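S.K.: Protein chains in written order, with the working numbering: chain A, 1 to 386; chain B, 387 to 549; chain C, 550 to 945.
Incorrect hints may appear among the rest.
List time: in silico EDC-like cross-link candidates among lysine to aspartate or glutamate, alpha-carbon distance up to 20 Å [what the hints assert, rightly or not]: (1) B:Lys468 / B:Asp428; (2) C:Lys911 / C:Asp935; (3) B:Lys412 / A:Glu248; (4) A:Lys190 / A:Glu200; (5) B:Lys412 / A:Glu162; (6) C:Lys572 / C:Asp552; (7) C:Lys580 / B:Glu388; (8) B:Lys518 / C:Asp552; (9) C:Lys572 / B:Glu388; (10) C:Lys905 / B:Glu388; (11) C:Lys572 / A:Asp131; (12) B:Lys442 / A:Glu49; (13) C:Lys936 / C:Asp592; (14) A:Lys190 / A:Glu162; (15) A:Lys361 / A:Glu349; (16) C:Lys591 / A:Asp131; (17) C:Lys823 / C:Asp799; (18) C:Lys905 / C:Glu734; (19) B:Lys412 / A:Glu259; (20) C:Lys771 / C:Glu573; (21) B:Lys468 / B:Glu504; (22) C:Lys771 / C:Asp935; (23) B:Lys392 / C:Glu902; (24) A:Lys190 / A:Glu349; (25) C:Lys775 / C:Asp592; (26) C:Lys572 / A:Glu46; (27) B:Lys525 / C:Asp552; (28) B:Lys434 / B:Asp516; (29) A:Lys361 / A:Asp163; (30) A:Lys267 / C:Asp653; (31) B:Lys442 / A:Glu248; (32) B:Lys412 / A:Asp126; (33) B:Lys412 / A:Glu49; (34) B:Lys486 / C:Asp725.
Hints listed in this document are in silico derivations from the structure and should not be mistaken for laboratory results.
Note that the structure is a prediction, hence the values are computed from the model and not measured.
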Amino acid sequence: MTKSNSHKVGIIGVGYTPSTPLSPSRSYKEMVFDAAVRAYCDAGIEFSEIQSFVSCSEDFLEGTSIFDEYTPDQLGAALKPVHTISADGIFGVAAAYMQILTGRFDIIAVEAHSKASNIVDIEEIDSLALDPIYNRPLGLNPHFILGLEMARFCHETKTSPEDCARVVVKNRRNALDHPFAPFASNLSIKDVARSPVISEPLRELDVARHSDGACVVVLSSASAAKKMKKYPVWITGVGWSSDAPSLETREWGRPLYAELAGAMAFKMAGMKNPRKAIDFLEIDDTASYKELQHLEALGMCRRGEAKTLLRRGETQRDGSMPVNPSGGSLGLGHLLEATGLYRVAEACEQLRGFAGRRQVKGAKSGLVMSWRGIPATSGAVAVLEI
Amino acid sequence: MELKGKPLTDEEFRKGKVITVPWNPKAMYEWDTGTAMGRYLDGMKQGKIIGVQCHKCRRIMVPPRDFCELCFRNVDEYTEIKDTGSVNTFSICNVSWDMKRISSPLIPAVIELDGASEGMGIMHLLGEVDPKSVTRGMKVKAVWKPAQEREGAITDIRYFKPL
Amino acid sequence: MPDVAIIGAGTTRFMRRSLETGKELSYEAAKMALDSAGLTLKDIQAVCMGTAPDAFDGLHMKGEYLLDGAGGFGKPYMRGYVGGGTGVFAPIQGWYHVASGLFDICLVVCEEKMSSCQPHPQGAFLTIFDHTTERPLGPNLLWIFALEMNRYMTTYGIQKKDIALVSVKNKKNAMDNPIAQLPMEITVDDVLKSEVLAWPVQRLDVSPTSDGAAAIVLASEKVARKLTNKPVWIQGVGWSLDTSYWTDKDLCYPRYVEKAARMAYGMAGVKEPKKEINVVEPYDPFDYKELHHLEGLLLCDKGDAPRITADGVTQRNGNMPACPSGGLLGCGNPIAASGLMKISEIFYQLRGEAGKRQVPGKPLRGLAQAWGDLMQVGTVVVMGVDKPRAKGKKAR
Chain A
1 MTKSNSHKVG IIGVGYTPST PLSPSRSYKE MVFDAAVRAY CDAGIEFSEI QSFVSCSEDF
61 LEGTSIFDEY TPDQLGAALK PVHTISADGI FGVAAAYMQI LTGRFDIIAV EAHSKASNIV
121 DIEEIDSLAL DPIYNRPLGL NPHFILGLEM ARFCHETKTS PEDCARVVVK NRRNALDHPF
181 APFASNLSIK DVARSPVISE PLRELDVARH SDGACVVVLS SASAAKKMKK YPVWITGVGW
241 SSDAPSLETR EWGRPLYAEL AGAMAFKMAG MKNPRKAIDF LEIDDTASYK ELQHLEALGM
301 CRRGEAKTLL RRGETQRDGS MPVNPSGGSL GLGHLLEATG LYRVAEACEQ LRGFAGRRQV
361 KGAKSGLVMS WRGIPATSGA VAVLEI
Chain B
387 MELKGKPLTD EEFRKGKVIT VPWNPKAMYE WDTGTAMGRY LDGMKQGKII GVQCHKCRRI
447 MVPPRDFCEL CFRNVDEYTE IKDTGSVNTF SICNVSWDMK RISSPLIPAV IELDGASEGM
507 GIMHLLGEVD PKSVTRGMKV KAVWKPAQER EGAITDIRYF KPL
Chain C
550 MPDVAIIGAG TTRFMRRSLE TGKELSYEAA KMALDSAGLT LKDIQAVCMG TAPDAFDGLH
610 MKGEYLLDGA GGFGKPYMRG YVGGGTGVFA PIQGWYHVAS GLFDICLVVC EEKMSSCQPH
670 PQGAFLTIFD HTTERPLGPN LLWIFALEMN RYMTTYGIQK KDIALVSVKN KKNAMDNPIA
730 QLPMEITVDD VLKSEVLAWP VQRLDVSPTS DGAAAIVLAS EKVARKLTNK PVWIQGVGWS
790 LDTSYWTDKD LCYPRYVEKA ARMAYGMAGV KEPKKEINVV EPYDPFDYKE LHHLEGLLLC
850 DKGDAPRITA DGVTQRNGNM PACPSGGLLG CGNPIAASGL MKISEIFYQL RGEAGKRQVP
910 GKPLRGLAQA WGDLMQVGTV VVMGVDKPRA KGKKAR
């Protein structure tokens with residue numbers, strides 16, 4: 001893909017509701033409406049100007065089959081081209097990005113939300129994602145997959161559980177600067193190490209806790225943005241990929257999906273040296289070790305080097321490679337399929353210079369990355385530049 | 387071109403000629419009713435049907451919603467809708483939700499409620515009526531459960547019966 | 550923005566219950582499509598998967614589970630989802646993958662394995678209804694179809710016997726389709742005497758639940774021309790999703806199908822669909838739906854579809870052949886796969902490769918349409934032997 005696409009599509013508006021562990025006063029429709037109103041206002045557009053909509057959801061997370069039925073009204077999208085993708089918000093951004101590049105659409109809204117609090121037992125739902133013949137009958141708590149992966153990754157890269165705990169400490173402290181991060185706190189490595197074991201070596205505090213929230217992002221073609229006199233955050237590259245769906249055929253230490261998605265996005269963005277070119281990253285940390293695993297897989301550092309950067313403070317907000325300055329999922333909460341979209345919104349705030357106490361100084365380019373969660377091996381990446 | 391796909395008969399399946407792995411999903415949810423549905427269900431408990439009005443498009447809508455989906459703005463007021471209406475369309479159903487034969491048919495219908503804008507309806511059941519005599523346009527009224535049995539659910543209305 | 554063509558297709562048998570798992574069904578269809586295009590998986594740059602509710606399979610993130618069967622390993626893989634409309638939406642998603650310029654070759658796979666759901670797949674549809682305002686009433690999916698069919702009949706004074714003609718036609722057409730699940734020669738009387746499930750819906754008005762998969766290969770113009778001398782061009786696409794408040798609108802007309810059709814016609818530069826569409830595969834999960842959709846697609850006037858059916862216009866040798874494949878009524882309804890099967894049928898028809906199902910007269914332009922959700926989704930693809938005309942309209 002040539003560089004000529006790199007300034008063709010941008011983000012002109014973001015809107016989101018506070019991430020919160022419970023949200024009884026607003027139904028999912030109302031929450032998405034709240035986010036959409038903010039996003040359209042931020043973009044300076046009327047809802048009627050939006051030509052296509054992408055929503056990101058999975059039926060079993062909502063408790064409703066064919067959930068896309070219930071997506072248009074709260075976006076102002078009734079009788080418009082709307083479709084759902086069964087994937088995370090960054091995949092949604094990629095879908096909208098492609099639609100704009102066809103030349104048939106100028107303004108597209110992408111939506112994702114989480115009502116994790118409405119799921120009585122989310123681990124039962126996670127179990128339903130396991131292979132029904134080979135894996136589910138074992139009757140294990142699906143977090144065993146994280147445990148296996150963490151053990152393998154740590155072994156292959158000589159990363160210690162303490163290093164992983166360090167990620168938790170960093171991100172939850174970063175979240176203290178976030179106006180609504182529900183899991184912001186001042187933890188120590190010992191706190192993490194003392195938390196109950198879920199699936200050795202994975203401990204309770206290694207895993208992001210669930211939260212509710214809705215996020216809407218508005219994309220625009222360059223020509224429409226210019227007409228509207230808007231300065232978009234450019235999407236200079238997108239990438240997404242899946243690798244082995246079954247547990248038995250995957251590489252436990254290496255998230256191949258992240259390598260492939262990253263490579264695709266960097267190629268599109270014309271970045272030969274992402275380590276130099278990217279000013280900050282918002283990447284999946286729904287489990288502590290994942291941040292390190294993804295950092296290496298994206299090629300931001302060598303294999304085994306992520307822990308070193310972390311120990312040296314390089315991935316702190318004021319370091320040479322700020323990772324998850326927002327507080328990540330560990331701080332903001334696991335927002336199901338909205339996770340990646342919240343990071344996109346956060347990255348936009350960073351690039352516009354609106355990130356307040358979380359601001360990474362001089363941020364001109366950011367990378368956002370999401371992973372779909374156990375047991376999937378799918379992830380998406382977007383490179384954003386101002 | 388060679389045809390792909392090997393059909394199994396019901397017998398092969400039920401008599402265990404193929405290996406199957408059963409699973410009973412435990413997928414349980416407690417949905418937040420939020421602002422609009424919360425008021426609708428509160429109304430149900432009180433024996434009232436609540437709707438909303440958008441002053442821009444002037445529609446009076448039921449079921450109520452926090453925002454008008456056509457105008458994309460918050461609705462302006464909540465209002466009580468009558469519990470009478472007319473049958474927009476109906477069916478006479480001889481099977482349960484999971485395709486078992488039922489002895490007395492269910493009569494689902496879309497009922498346009500009086501007090502709401504034209505065409506505004508809710509789905510519910512008809513009762514105390516001979517299925518053969520149901521017609522489009524028929525006037526009906528809600529039959530409510532007694533107050534102490536109402537829970538704040540759509541089933542607080544047992545069914546609609548002819549006026 | 551490159552023009553996009555379909556260069557290969559494959560469909561498995563549609564069966565009430567298949568031995569194959571969902572992964573295997575996906576694989577079979579994908580492999581057939583690749584073989585027919587003369588390609589291998591290595592040539593595929595992106596994969597789009599379409600598969601309807603996870604509830605049938607009891608599999609959360611079903612798209613992830615199916616991805617190896619669909620050829621998505623190590624590739625950009627995306628699953629789009631618009632309920633029943635998915636089968637015609639998946640190629641639209643594939644279209645924007647290629648038309649964006651990001652990919653030259655995209656594989657689109659649609660799969661459904663409804664038989665896993667016990668005791669009857671129909672039960673899974675309970676969960677499509679609104680959890681607060683509708684589910685407590687214990688609705689069967691048949692309810693909304695029956696309610697809509699009744700509204701359509703009473704609005705235009707249509708009789709069951711007029712509608713039954715569609716079931717007779719499609720099940721007979723299916724006898725020439727090797728993949729069909731329920732091909733049969735029936736009469737209007739057979740339909741009228743069949744078991745009343747939810748009046749006015751009777752057993753022979755309904756397409757059966759099914760297992761099956763279908764796949765197509767899409768390519769950009771420069772690649773398509775190298776691989777085949779008979780590319781079938783995607784001239785226009787359209788999709789529209791109506792409000793979830795289905796009880797607040799008049800069910801006698803599918804306005805969302807019209808919206809989708811207009812978008813597709815606009816892009817394709819079709820100004821007089823009745824004249825310019827030579828063969829059509831409208832979505833026919835129930836017989837009256839074919840009529841409903843022919844009107845929504847602007848291929849006949851409102852309320853007039855029963856008359857043109859009775860006049861034989863929609864027979865294979867008529868002026869507007871509809872469901873020459875046998876449709877869902879004849880072939881079966883593995884939801885997403887059936888929509889893609891319709892796309893494949895138009896593909897074969899436009900290439901003159903539909904064998905016994907071929908409509909005479911060398912059709913130049915065809916249309917496949919699917920419907921979905923609670924009377925909400927219209928997805929339309931207009932295909933032709935000629936490239937799309939240069940200045941199609943932007944979506945509005």
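S.K.: Next, verify each hint and record whether it holds.
M.R.: Hint check results:
1. B:Lys468 / B:Asp428: OK: B:Lys468 and B:Asp428 at ~16 Å, within 20 Å.
2. C:Lys911 / C:Asp935: The hint holds at about 13 Å.
3. B:Lys412 / A:Glu248: Violated: B:Lys412 and A:Glu248 sit about 25 Å apart, past 20 Å.
4. A:Lys190 / A:Glu200: Cα-Cα ~16 Å, so holds.
5. B:Lys412 / A:Glu162: violated (36 Å)
6. C:Lys572 / C:Asp552: At roughly 31 Å apart (the allowed maximum being 20 Å), C:Asp552 and C:Lys572 break the hint.
7. C:Lys580 / B:Glu388: Given that 20 Å is the threshold and the Cα spacing comes to 12 Å, the pair holds.
8. B:Lys518 / C:Asp552: violated (56 Å)
9. C:Lys572 / B:Glu388: holds (19 Å)
10. C:Lys905 / B:Glu388: holds (17 Å)
11. C:Lys572 / A:Asp131: holds (11 Å)
12. B:Lys442 / A:Glu49: holds (18 Å)
13. C:Lys936 / C:Asp592: Not OK: C:Lys936 and C:Asp592 at ~23 Å, beyond 20 Å, violated.
14. A:Lys190 / A:Glu162: holds (9 Å)
15. A:Lys361 / A:Glu349: Judged against 20 Å, a Cα distance of about 12 Å means the pair holds.
16. C:Lys591 / A:Asp131: violated (26 Å)
17. C:Lys823 / C:Asp799: The given pair, whose Cα atoms are some 24 Å apart, is violated under the 20 Å limit.
18. C:Lys905 / C:Glu734: Given pair C:Lys905, C:Glu734 holds - Cα atoms ~16 Å apart, limit 20 Å.
19. B:Lys412 / A:Glu259: violated (35 Å)
20. C:Lys771 / C:Glu573: violated (32 Å)
21. B:Lys468 / B:Glu504: Measuring from Cα to Cα gives roughly 13 Å; hence the hint holds.
22. C:Lys771 / C:Asp935: holds (15 Å)
23. B:Lys392 / C:Glu902: With Cα atoms ~25 Å apart, B:Lys392 and C:Glu902 exceed 20 Å; violated.
24. A:Lys190 / A:Glu349: Distance of about 33 Å is beyond 20 Å: violated.
25. C:Lys775 / C:Asp592: holds (13 Å)
26. C:Lys572 / A:Glu46: With Cα atoms ~43 Å apart, C:Lys572 and A:Glu46 exceed 20 Å; violated.
27. B:Lys525 / C:Asp552: violated (55 Å)
28. B:Lys434 / B:Asp516: With a Cα-Cα distance of about 26 Å, the restraint between B:Lys434 and B:Asp516 is violated, given a limit of 20 Å.
29. A:Lys361 / A:Asp163: Violated. A:Lys361 to A:Asp163 sits at ~26 Å, over the 20 Å cutoff.
30. A:Lys267 / C:Asp653: holds (16 Å)
31. B:Lys442 / A:Glu248: Status violated; Cα separation ~58 Å.
32. B:Lys412 / A:Asp126: Distance ~11 Å between B:Lys412 and A:Asp126 Cα, so the pair holds.
33. B:Lys412 / A:Glu49: violated (42 Å)
34. B:Lys486 / C:Asp725: violated (33 Å)
Checked against the numbered hints given earlier, the structure breaks hints 3, 5, 6, 8, 13, 16, 17, 19, 20, 23, 24, 26, 27, 28, 29, 31, 33 and 34 and satisfies all the rest.
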